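**Q** Residues per chain, in single letters:
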Amino acid sequence: MNKDELKALSIDKVVDARGTACPGPLMATKKTIGEMKPGEIVEVLSSDPATKRDVPKWAEKKGFTYLGDILEDGYFRLYIKK
Amino acid sequence: MAKKMTIALYTGSFDKLTAAGVIINGAVADDMDVEIYVLLMGAHAFKKENAGKYENMAELVDHKEAFKASLSNLKIPTWMEFFKQAKEMGNVKIYICGLAGKVWNGLELGDFNDLADDICGIAEYIASTQTADVNLFI
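Those sequence lines, one after another, are chains A and B.
Under my numbering, the first residue of the first sequence is numbered 140, with each subsequent residue one higher.
Under my numbering, the first residue of the second sequence is numbered 395, with each subsequent residue one higher.
Don't read these hints as lab results, they were simulated from the structure.
The model shown is predicted, which means the values in this text are computed figures rather than measured ones.
Do not take every clue at face value.
[Unchecked claim] Output of the computed footprint for chain B on chain A, the stretches with three or more beta carbons under 8 Å from beta carbons of chain B:
| id | stretch |
| --- | --- |
| 1 | 152 to 161 |
| 2 | 164 to 172 |
| 3 | 196 to 202 |
[Said to hold, decoys possible] Here are some chain B residues pointing at chain A (derived, C-beta under 10 Å):
| id | residue |
| --- | --- |
| 4 | G415 |
| 5 | N419 |
| 6 | G420 |
| 7 | V422 |
| 8 | A423 |
| 9 | D424 |
| 10 | D425 |
| 11 | I470 |
| 12 | P471 |
| 13 | F476 |
| 14 | Q479 |
| 15 | A480 |
| 16 | M483 |
Virtual Cβ for every residue (Gly too), placed ideally from N, Cα, C.
Isolated chain B, as found in the complex (with noise of 0.2 Å):
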């Protein structure tokens, strides 16, 4: 049976975002499971109307510019194109918190961006975490 990794999504930040598609793409080369629990801010992100131009930083703020052209220099995908890699090539679930899609308006799953998967509840977050091997919140 495949390990599995969950995964608290709280960051509504593109720095993290990143940070979070390079360790979704590691747990796939590993033949993990994931599932991904997207909280408030990270909600924002998934939006449908944000997708690709989310900019918002969460550290370092004042070198976003270098760490933006750093990344374009170095062919580094966007966060959006790591999470849609790692769904390609495994087992990837991306769960919006209700709570969360309600705070940014949204409403049902349409509202989202393709990567989403369902809408749910905190309880199927925390009974995730009882079966995970690994579990982080980022």
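Isolated chain A (complex conformation) (with noise of 0.2 Å):
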């Protein structure tokens, strides 16, 4: 998806996890889509470089599908369906 359309989502949970490190966004992350009904989109807030590879990585894996992600100043916007 490409930025204008990641921002047109229907956001159903954000996850605020700037400021933490590895694991911390992916953690914080895999507890609220625990929380979520298939379908649901969670919008994830992370500063940390490393979140852009890992949780999108991570996300496959399980099975949900990445959506795709946007820089803004210091954080990056990251957009999975579960």
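Two chains, two separate frames, one set of hints: put the complex together.
**A** Here you go:
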């Protein structure tokens, strides 16, 4: 998805993991996705650059859909569909 | 059936215990079962009286203060917090080697911190590694 498509998504949950380092964003994302229904979308905010590689790989391995990411000023927004 | 990671946790040093904590959390995020067998020096770190004040460092010992300060600045959880989080979020069992316990005068489960699930022998560890998908020595 491109940036405009990502920005237009209807978000069901937000995980704000900014300020934490690996594995903080991953564990926070796992916890939140565990409480979501299939088809729902989570937006993950992370200032840890490792998250941009780590969370998509994890999401795809667990059978979720990684939709893409947006670079903001000092952090990323990542989008995953359960 | 969930995949399984076994760890022979020999280290009693908080730098390596922190690394172990990160790995355990990663395994839990991947829905792996984790069994940790705490061997010799590790059992010292798990003694109840050592909770929260464990600062032995295995490597780069000259940089201990800088390492501690950096962990703190980055808000990295302590190794015990990492282990606690992993236990809360997944199927993580921690067994103290009976021999190791005795070496540090830990004769029963109550002599160790709340992370420990039981005291066991080496046969259980060896048997468990044979059905594990990943086995680490830390």
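**Q** All the hints need checking, so say for each whether the structure fits it.
**A** Structure-based check of each hint:
Only residues whose beta carbon comes within less than 8 Å of a beta carbon in chain B count, and the stretch 152 to 161 of chain A has 4; three or more means the coverage holds. Counting residues of the stretch 164 to 172 of chain A whose CB falls under 8 Å from any CB of chain B gives 4; the rule of at least 3 is met. For the stretch 196 to 202 of chain A, the stated coverage by chain B holds: 3 residues have a C-beta nearer than 8 Å to a C-beta of that chain, and at least 3 were required. Taking 10 Å as the C-beta cut-off, the interface hint given for G415(B) holds, the closest approach to chain A being about 9 Å.
A cut of 10 Å between beta carbons decides the hint on N419(B): the least distance to chain A is about 4 Å, and the hint holds. The criterion of a C-beta within 10 Å of any C-beta in chain A is met by G420(B), whose closest approach is roughly 6 Å, and the hint holds. Because the closest C-beta pair between V422(B) and chain A is about 8 Å apart, less than 10 Å, the hint holds. About 5 Å separates the beta-carbon of A423(B) from the nearest beta-carbon of chain A, less than 10 Å, and the hint is met.
Hint status for D424(B): holds, given a least beta-carbon distance of 7 Å to chain A, under 10 Å. Interface restraint check for D425(B): the shortest CB-CB distance to chain A comes to about 7 Å, inside 10 Å, so the restraint holds. Of the supplied interface hints, the one on I470(B) holds, with its beta-carbon coming within about 6 Å of a beta-carbon of chain A, less than 10 Å. Given the 10 Å rule on beta carbons, the hint for P471(B) holds: about 8 Å separates it from the nearest Cβ of chain A.
Annotation: interface hint on F476(B) holds; nearest CB of chain A at approximately 8 Å, less than 10 Å. Restraint check, Q479(B) versus chain A: the minimum CB separation of about 7 Å is within 10 Å; hint holds. Hint on A480(B) holds. Least Cβ distance to chain A is approximately 9 Å, under the 10 Å limit. Because the closest C-beta pair between M483(B) and chain A is about 7 Å apart, less than 10 Å, the hint holds.
Hint compliance for this structure: every hint is met.
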